[in-house]
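Chemist: First to last, the sequence lines map onto chains D and G.
Heads up, the first sequence is in our numbering, so the first residue is 1 and it goes up one at a time.
Heads up, the second sequence is in our numbering, so the first residue is 1 and it goes up one at a time.
Be aware that one or more of the hints could be misleading.
Copies of one chain are not kept apart here, so a pair can be met inside one copy or by any two copies together.
[To be verified] The calculated lysine to aspartate or glutamate pairs, modelled on DMTMM-like cross-linking and capped at a C-alpha distance of 25 Å, are: (1) Lys-234 with Glu-184; (2) Lys-148 with Asp-99; (3) Lys-95 with Asp-363; (4) Lys-148 with Asp-369; (5) Lys-18 with Asp-99; (6) Lys-4 with Asp-325; (7) Lys-293 with Glu-261; (8) Lys-21 with Asp-350.
Hints are computed from structural coordinates only; laboratory data are not their basis.
Since the model is a prediction, treat every value here as computed from it, not as a measurement.
Protein chains: 2
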Amino acid sequence: MTFKVTPWEVSGDLDYSKIVKDFGLEVINEALMRRIEKHAGELHPLLKRGIFFAHRDMNWLLDQYEKGNKFFLYTGRGPSGHTHLGHLMPWIFTKWLQDKFGADLWFQMTDDEKYVFSDRLELEQTKKLAYENALDVIALGFDEKKTKIFLDTEYAKTLYPQALKVAKRLTFSTAKATFGFTNESNVGEIFFTSVQAVPAFLPSVIKGKNIPCLIPYAVDQDPHFRIARDILPKLGYYKPASIQSIFLPGLKGGKMSASEENSAIYTTDGPETAKKKLMNAFTGGRDSIKEQKEKGANYSICPIYHYYKQMFMPDDKELAELEHDCKGGKILCGECKQKLAGRVADFLVDHQKKREKAKSRLDKFLIRD
Amino acid sequence: MTFKVTPWEVSGDLDYSKIVKDFGLEVINEALMRRIEKHAGELHPLLKRGIFFAHRDMNWLLDQYEKGNKFFLYTGRGPSGHTHLGHLMPWIFTKWLQDKFGADLWFQMTDDEKYVFSDRLELEQTKKLAYENALDVIALGFDEKKTKIFLDTEYAKTLYPQALKVAKRLTFSTAKATFGFTNESNVGEIFFTSVQAVPAFLPSVIKGKNIPCLIPYAVDQDPHFRIARDILPKLGYYKPASIQSIFLPGLKGGKMSASEENSAIYTTDGPETAKKKLMNAFTGGRDSIKEQKEKGANYSICPIYHYYKQMFMPDDKELAELEHDCKGGKILCGECKQKLAGRVADFLVDHQKKREKAKSRLDKFLIRD
Numbered sequence: 001m002t003f004k005v006t007p008w009e010v011s012g013d014l015d016y017s018k019i020v021k022d023f024g025l026e027v028i029n030e031a032l033m034r035r036i037e038k039h040a041g042e043l044h045p046l047l048k049r050g051i052f053f054a055h056r057d058m059n060w061l062l063d064q065y066e067k068g069n070k071f072f073l074y075t076g077r078g079p080s081g082h083t084h085l086g087h088l089m090p091w092i093f094t095k096w097l098q099d100k101f102g103a104d105l106w107f108q109m110t111d112d113e114k115y116v117f118s119d120r121l122e123l124e125q126t127k128k129l130a131y132e133n134a135l136d137v138i139a140l141g142f143d144e145k146k147t148k149i150f151l152d153t154e155y156a157k158t159l160y161p162q163a164l165k166v167a168k169r170l171t172f173s174t175a176k177a178t179f180g181f182t183n184e185s186n187v188g189e190i191f192f193t194s195v196q197a198v199p200a201f202l203p204s205v206i207k208g209k210n211i212p213c214l215i216p217y218a219v220d221q222d223p224h225f226r227i228a229r230d231i232l233p234k235l236g237y238y239k240p241a242s243i244q245s246i247f248l249p250g251l252k253g254g255k256m257s258a259s260e261e262n263s264a265i266y267t268t269d270g271p272e273t274a275k276k277k278l279m280n281a282f283t284g285g286r287d288s289i290k291e292q293k294e295k296g297a298n299y300s301i302c303p304i305y306h307y308y309k310q311m312f313m314p315d316d317k318e319l320a321e322l323e324h325d326c327k328g329g330k331i332l333c334g335e336c337k338q339k340l341a342g343r344v345a346d347f348l349v350d351h352q353k354k355r356e357k358a359k360s361r362l363d364k365f366l367i368r369d
Numbered sequence: 001m002t003f004k005v006t007p008w009e010v011s012g013d014l015d016y017s018k019i020v021k022d023f024g025l026e027v028i029n030e031a032l033m034r035r036i037e038k039h040a041g042e043l044h045p046l047l048k049r050g051i052f053f054a055h056r057d058m059n060w061l062l063d064q065y066e067k068g069n070k071f072f073l074y075t076g077r078g079p080s081g082h083t084h085l086g087h088l089m090p091w092i093f094t095k096w097l098q099d100k101f102g103a104d105l106w107f108q109m110t111d112d113e114k115y116v117f118s119d120r121l122e123l124e125q126t127k128k129l130a131y132e133n134a135l136d137v138i139a140l141g142f143d144e145k146k147t148k149i150f151l152d153t154e155y156a157k158t159l160y161p162q163a164l165k166v167a168k169r170l171t172f173s174t175a176k177a178t179f180g181f182t183n184e185s186n187v188g189e190i191f192f193t194s195v196q197a198v199p200a201f202l203p204s205v206i207k208g209k210n211i212p213c214l215i216p217y218a219v220d221q222d223p224h225f226r227i228a229r230d231i232l233p234k235l236g237y238y239k240p241a242s243i244q245s246i247f248l249p250g251l252k253g254g255k256m257s258a259s260e261e262n263s264a265i266y267t268t269d270g271p272e273t274a275k276k277k278l279m280n281a282f283t284g285g286r287d288s289i290k291e292q293k294e295k296g297a298n299y300s301i302c303p304i305y306h307y308y309k310q311m312f313m314p315d316d317k318e319l320a321e322l323e324h325d326c327k328g329g330k331i332l333c334g335e336c337k338q339k340l341a342g343r344v345a346d347f348l349v350d351h352q353k354k355r356e357k358a359k360s361r362l363d364k365f366l367i368r369d
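Same shape as in the complex, but just chain D (with noise of 0.2 Å):
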């Protein structure tokens, strides 16, 4: 069983724990997660669930924030086409603490990493994508006051200096060697994580003090954040502290896919087009009911139990009766498959009035200057 986890692309058979070790992770045991408690007051599902299940120098952030040193949230999105559920999750988490922590969010939109790695991207589309992706980010209830949106070619005259700074540190052997650049890579992709690392010490800039960073993320974009570490205290700041997620499976089975639609439900899906992909899903139930009525159904390696999981079925009791009924043959996959339509459409419907009210709100969480 072998994987590949890069920003650019995850294939076969995720080994969480490969990556931890081969990341140089730490798992996010019981100690981090009742002090994390102690400051939230609950603990959000996907930290109690693991779907949140590593980090780094989180109880250094944590320390600082009982200082009264309180940090910083950066995370982002690569405009490669339009926002799927899997996006919106470690944002959906990174909501839960801007609200418990009462930190700023500054959220990238890489349109500019989109273009140069993309063999049909122009840089018109992905700045038109990080538009209507924003519109998801917003839709989800970030606090205005609290959080700056913002295109990497729009905020160039703000980034590229700092970005400047981080390239001057970093040699394209590191380059290489993190994300398996060739002589055949174009010179935008081996500059680009420059880029990506200045959201990390941006606000520190601006304020003209050191401030800590808390960066959530899914694991695949853990290289960008190695150099970011790397290089950050060569310039004077803290190394951001993080937290990292695994993915949300695609409906076809394995790792969502831009290319396979049906692969994944986009925020933009209407509730019928959302509950044909997910009745047409690959699940962990047997090849007959009479089987799977017999033997019962294998949870771990089903999409829809995951879509409950990680997003649908916040409820501890409700998705232990869930996992004891599949285990038990109890339910069928039909009917589970038809209830999670049911709270995606519900959660499709109240999402997409609440993206449509985010248009007139754009100018205020976007930032250009």
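Chain G: place on chain D using the hints.
Modeler: Just chain G now, kept in the frame of chain D:
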């Protein structure tokens, strides 16, 4: 005899005919000179005397010009220190082109380049130097209505998205072969040429139509523009035409060196400092006055002579007399230096007055958005 000519290092005994061959330039011939003269009404001494000695696509550019398709000029400065007379020389020629062809000029200050390539300069310093250098550009008398000066870091909101379009089409392999990068080169160095390519097509982007571009530059900048010529057509723009100069030699013999202050006269030098540098300069003279009177001196290797030829003796008859007297031993180096020091002093006093006035005019030239 070996030599090296890159944007960051010029060393060895320069063989300009080998440079023409290696770089794939065309020598400026009589026919082209006559063609330029026809439109300009005269020939600038720097052209007549072969200081601007080579070109690419000048005949195409004049074809366009004759069809009413006017070109714009693009040149620039890497702000790694104060401006010296060797920097002014191509700018003086560029001003002549602006005057004679009514051309807009885009003047790039590569504060980003000088930062990422330098072991000693911080970005704040290269920015500050860019402003200092801009005073010298303005002091030369460029038309404020037709001249835009910009710093790469300040103009990044406009430049960076366009640079990405170049970067996407430039592999590390090509950048490496062109500039000699290694695994230890930093990713800012590797990316930079993308930014230097932008002004060659930016006016076309802004105006929404293809506009011919002419880039005058000292020949060490050629690698950048070979890349620009390769990539711009892929973006739908004309290849920029270009015209190349040799260097003003250093006063100590060889090339002017940033690390040897006495090898160049800076625009900020007082007349006495300049005089001292000139009086201490290397010349083509003989070991003794007696020998020089008998055998004459060798003006072709003499920096004092080249100062006259390139900047301080526009009158052809006077220059021919100087050559004659030097070769014939009729003029000694001390006298020749004294005379030049007087001319240089006059120039500096006048230039420094204009430079002082330029401080209040910076905003008329600088673009930042």
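Chemist: Run every hint past the structure and note whether it holds.
Modeler: Hints versus structure:
no.	hint	result
1	Lys-234 with Glu-184	between (30 Å within a copy, 17 Å between copies)
2	Lys-148 with Asp-99	within (15 Å within a copy, 47 Å between copies)
3	Lys-95 with Asp-363	within (19 Å within a copy, 43 Å between copies)
4	Lys-148 with Asp-369	both (12 Å within a copy, 21 Å between copies)
5	Lys-18 with Asp-99	neither (32 Å within a copy, 67 Å between copies)
6	Lys-4 with Asp-325	neither (34 Å within a copy, 76 Å between copies)
7	Lys-293 with Glu-261	neither (32 Å within a copy, 89 Å between copies)
8	Lys-21 with Asp-350	neither (40 Å within a copy, 68 Å between copies)
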